[in-house]
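J.: These two chains come separately, so use the hints to put the complex back together.
Protein chains in written order, with this note's numbering: chain A, 1 to 213; chain B, 1001 to 1160.
Keep in mind the hints are simulated off the structure, nothing from the lab.
Please note: incorrect hints may appear among the correct ones.
[As the list claims (entries may be wrong)] Each pair of labels, with its calculated beta carbon distance range: (1) B:1116 to A:178: 40 to 48 Å; (2) A:122 to B:1047: 18 to 26 Å; (3) B:1074 to A:99: 50 to 58 Å; (4) B:1057 to A:53: 42 to 50 Å; (5) B:1029 to A:56: 45 to 53 Å; (6) B:1145 to A:188: 47 to 55 Å.
Glycine included, each C-beta is placed from N, C-alpha and C at the ideal position.
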Amino acid sequence: MMNTTENQNTHDHDLLELKSQYQTFKSAIESQPVINSKIIQRVIKSGVSSVNHIIHSYTIVGLIGILLWILIGVFFKLSILFIIATCIMMSADMACDHWSAWPLKKISAPDTTMIQASVLARRSRARFTIATCLGIMVIIPWFCWFAYELTNSAVCNIDMGQGFTNLIVILSAIGGLIGLSIGIILVVRMRKKLASIDAQIHKFINMNDSSVS
Amino acid sequence: MRNQQELEFEELVRNNRATIYSVCYMYSKDKDEVADLFQECLLNIWKGLSGFKRKSDIRTWIYRISLNTCISAGRKKKSRGEKIKLDISLDIAAPDSYDGRQIKVLHDRISQLGPLDRALVLLWLENLPYDEIGAIIGISAKNVGVRLYRIKEQLKSNNK
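Chain B on its own, in the form it takes in the complex (with noise of 0.2 Å):
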């Protein structure tokens, strides 16, 4: 017999899985790098779901954790433990596709950015509020639009 808890990880898994996985791919170099910050998300999602007392919402709390472990596994790299692979397929276009294609380009482009400055883009491409965005890094709306806009000018530039 499964309990609540169980349950509500996994439907909170299914409903996310694109959400978490768009924030490790855009804090990774590389597939195993991936699997490993997912990992560590659904990790610390099951951790944290018997705390989570739903002052927030649920995607907001997924983002905020999602980022959290990202931007800090980034910081300690060098000192991460062993990883256990996770079976999952981690090619998720054929490279020589077109949409294989227009995916590497995204992740060129956004891997050029800080790690704050991907978060907020992650959230602008999500199409977030930006009352919504500033909840989850931890800073004001008006700040979120002062910054996206200095990145959306710093993209365009990147992209001349």
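Same shape as in the complex, but just chain A (with noise of 0.2 Å):
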């Protein structure tokens, strides 16, 4: 009876031990500096790292749209011209798309100061705007000539009918117009990414600034 009595405080003193040893932890690590500038840099390194996965799925999905295009104008019979046109006009979208984001990667290097870092970002964000701007620019008179394809194709016309030219037309706008809603809106969420990539490296150095002064 005695033993277990003596076991049972050796035991609590076990307890209590670790407690006063978590209190040294504790009071040991209260002094520690933690606040760092990498760890703001490391938060917009993962801002980029996104929008370079978003363009390397979009690069993606746009090879297997190019795949399926030719698919489909072999398909519809359309002219080998506006098979290539489009086939091409897909490729310099992407390619425009790794252009725009090309800055971005210099972001991640190690001796790239946080001013460089800004401009890069800021570089980025104008190049997606141009893009944006031609893509939409090119696409309504490629659109009107998809139409003029497709109502002057032989496998509407003769085979289908003029009915299902009209259903394929119309099918093809609202897809277009998905397509388009689809594109706006990745690239309002690449451009709201960048602005906060952006904005992210100016409050870094204001504070940087403000802690100097």
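T.: Following this line, the structure appears as structure tokens:
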């Protein structure tokens, strides 16, 4: 009986010792400096990597789109010129996205200063704006050309009839509008993301300035 | 000019750095890993701060984020990408000093436990009430009591 009580006391002492060790540990770490500029850089980096991720996903979708487009063009017997022009246009769109996102790759480099990062983020945002404006300007004449090609397609007019051609044109128009909406949403999100990266960099620069002063 | 969120973040980290750090320390094997985890926790707190609805206590929220970060980092350790090393001193006490030895004993004893048990012990060492521990871990207060009893027994037997 006495042994059991003694053991219990020893065990409770162990737990109390554990608590005291923890207190020693906590008081030892209270004086550690923790705020570091690299934390904010890391946040910026994670934002950049997500933009790059969107671009890579978009490229894969674009490549599948080109293949599908060739199949559609062959099925409807559209003109070779139109099929090739569309494939070039889709490739150019992907190239534009990569060109726009290219400055972001340099932000991740360890030797890039925060001011350089800010310039790069702004450059990327400007490039996305140019690419979007060009895209919108090109898509309208392209769609008119597409409608012309479909209405003159032998498959639609002879094999399927005028009603079918109209249906295809309407469905294409709806599809085009949905595609355009997705594209606009994507661009708006991308611009917001880039704006937030830029804002974070500026906040960081201001934060450092104020801490220096 | 700093915005409200940054000031809030800084204050939050300043007030809770020992809490965050202790969670990271108990889930790591070496200094570099502590630095990585600490960085990851701060990052998640920074990211989550704008979405924090203040429905729960800020301390509970910080514990939850830190524990989730450390436990999930342990699971996906192999797939982790490049890390930026923080310029913080991680030698919190000289290894040969009394405090250093005490901290090492503490770390050794806690690292014998599984991830969830480690979390429970940490929160118990912080003297949190069982219902708060339950809210952080996601189990009932009764379950906390039962589990803690078993863990304490395990700690005692490990120390024999």
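J.: Hints first: check each against the structure and report whether it holds.
T.: Going through the hints against the structure:
1. B:1116 to A:178: 40 to 48 Å: Since the Cβ atoms of residue 1116 of chain B and residue 178 of chain A sit about 47 Å apart, the hinted range of 40 to 48 Å holds.
2. A:122 to B:1047: 18 to 26 Å: Since the Cβ atoms of residue 122 of chain A and residue 1047 of chain B sit about 23 Å apart, the hinted range of 18 to 26 Å holds.
3. B:1074 to A:99: 50 to 58 Å: At 40 Å between Cβs, range violated.
4. B:1057 to A:53: 42 to 50 Å: Because 35 Å falls outside the window, the suggested range is violated.
5. B:1029 to A:56: 45 to 53 Å: Since the Cβ atoms of residue 1029 of chain B and residue 56 of chain A sit about 34 Å apart, the hinted range of 45 to 53 Å is violated.
6. B:1145 to A:188: 47 to 55 Å: 51 Å, holds
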